[in-house]
Amino acid sequence: MIILNEHFKEVEKKLGFPAEAVAVFEKCAEKIEKSKSLNKKFEAIFNEFLFPEAHDFGKCFDKIKPLSIIYGIKEYTLDMVFLIRATELMHDKYKERGLSEDLFWNTIMDLKYKYDECVKCKEVHGTFVAGWNTEFFALRRFCLGRYQFDMTTYGGEDFTTSAGITIKKGDKTLGFHIPSSGIPLTDEVRLDSFRQAYEFFTDYRREDGLMIFECGSWLIYEGYKDILPENSNTIKFINDFEIVSSEPKDKFDDAWRIFDKYGYKSPKHWPEDTSMRRAFKQLVLSGGKTGHGHGIIVFDGKNIVR
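For the sequence shown, position 293 matches number 582 in the working numbering, and the numbering has no gaps at all.
Rather than coming from a laboratory, the hints here were simulated on the basis of the structure.
From a predicted model like this one, the values you see are computed outputs, not experimental measurements.
Check before you lean on any hint, since a few could be wrong.
[Claimed, not checked] Listed next, the in silico EDC-like pairs over lysine to aspartate or glutamate satisfying Cα-Cα at most 20 Å (straight line):
| no. | residue 1 | residue 2 |
| --- | --- | --- |
| 1 | Lys316 | Glu332 |
| 2 | Lys461 | Asp447 |
| 3 | Lys411 | Asp542 |
| 4 | Lys578 | Asp542 |
| 5 | Lys363 | Glu412 |
| 6 | Lys409 | Glu301 |
| 7 | Lys570 | Glu519 |
| 8 | Lys570 | Asp543 |
| 9 | Lys348 | Glu337 |
| 10 | Lys411 | Glu519 |
Put together the whole structure using the sequences plus the hints.
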């Protein structure tokens with residue numbers, strides 16, 4: 290199996306991987322190509338989990354992990370090389386379905402975001418969340434503007450918004466994620482992403498023309514309103530939602546998202562070089578709670594309906 294082909298190099302270039310990462314990925318790709326046994330095992334896993342469509346990436350990368358040990362390759366590096374190589378099949382499927390080049394490149398840019406997280410948190414060229422990628426490669430998750438959207442259905446109890454709009458269990462919704470792209474969550478950016486999704490996912494509009502977005506995230510915990518400025522983009526993001534649930538947690542498992550590698554250490558070692566870092570460090574050190582929330586957004590194609 291040829292790993293280091295022209296598509297592989299194009300992905301490295303267009304996603305903007307630094308020269309050091311490119312050298313590491315290409316050395317890994319060459320090692321796979323030169324080792325008959327590794328190449329055969331790599332190709333077998335590739336074929337098992339990418340045909341007839343991408344599926345079960347959690348199990349896929351569980352099978353890749355032993356290869357990293359046997360052949361002396363860093364696990365997170367091998368995972369990223371697998372994903373970059375797999376984007377060629379993903380690209381072909383975009384073309385078959387008439388999906389745009391811009392959509393493809395914008396969507397796989399998540400590999401670069403996850404690379405940046407891996408370097409900051411693990412100090413390794415690669416990705417430490419490879420199993421997360423199934424929906425991208427199965428063409429069930431797309432990046433439109435600032436957010437990444439999943440086609441899903443509402444799984445909670447029936448919920449009625451403050452505007453009197455009821456979302457019932459089983460109704461079509463668009464789940465969305467907030468990648469760590471570094472783009473500020475301004476009013477314009479947030480609304481633009483919803484508008485793009487409204488135009489793209491036409492089958493997810495209700496009979497009344499409305500579209501329902503939902504998100505579950507550590508960012509939607511209402512308790513943050515007590516520690517962050519009212520005019521901050523994070524609070525404006527929270528206020529976009531009709532909150533279905535907002536619960537405190539005993540442990541801040543998402544600390545790495547704010548503090549990178551320091552998030553795995555004691556809070557007293559967390560840096561304080563940004564206002565958000567200072568706020569969260571003070572919250573945790575003072576015995577306060579972080580949490581997780583789940584919210585609904587009703588959208589009419591132009592604006593959030595409240």
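**Message:** Would the hint linking Lys348 and Glu337 be met if the CA-CA limit is 20 Å?
**Reply:** holds, 10 Å
**Prompt:** Between Lys461 and Asp447, is the straight-line Cα distance small enough, at 20 Å or below?
**Reply:** It holds: about 13 Å lies between the C-alpha atoms, which stays within 20 Å.
**Given hint Glu519 paired with Lys411 - CA-CA distance at most 20 Å** = violated, 33 Å
**Prompt:** If you draw a straight line from the CA of Lys316 to the CA of Glu332, is it 20 Å or shorter?
**Reply:** Holds, because 17 Å separates the two Cα atoms, which is no more than 20 Å.
**Asked** Are the Cα atoms of Lys363 and Glu412 separated by 20 Å or less?
**Response** With a Cα-Cα distance of about 11 Å, the restraint between Lys363 and Glu412 holds, given a limit of 20 Å.
**Asked** Within a Cα-Cα threshold of 20 Å, do Lys411 and Asp542 meet the stated pairing?
**Response** Given pair Lys411, Asp542 holds - Cα atoms ~15 Å apart, limit 20 Å.
**Asked** Regarding the pair Lys570 and Glu519, is the alpha-carbon distance no greater than 20 Å?
**Response** holds, 18 Å
**Request:** Would you check the hint for Lys570 and Asp543, treating anything up to 20 Å between C-alpha atoms as holding?
**Result:** Distance ~13 Å between Lys570 and Asp543 Cα, so the pair holds.
**Message:** So if I understand the rule, the pair passes when the alpha-carbon distance is 20 Å or less; does Lys409 with Glu301 pass?
**Reply:** holds, 19 Å
**Message:** With the threshold set at 20 Å, check whether the alpha-carbon distance from Lys578 to Asp542 stays at or below it.
**Reply:** Cα-Cα ~12 Å, so holds.
Checked against the numbered hints given earlier, the structure breaks only hint 10 and satisfies all the rest.
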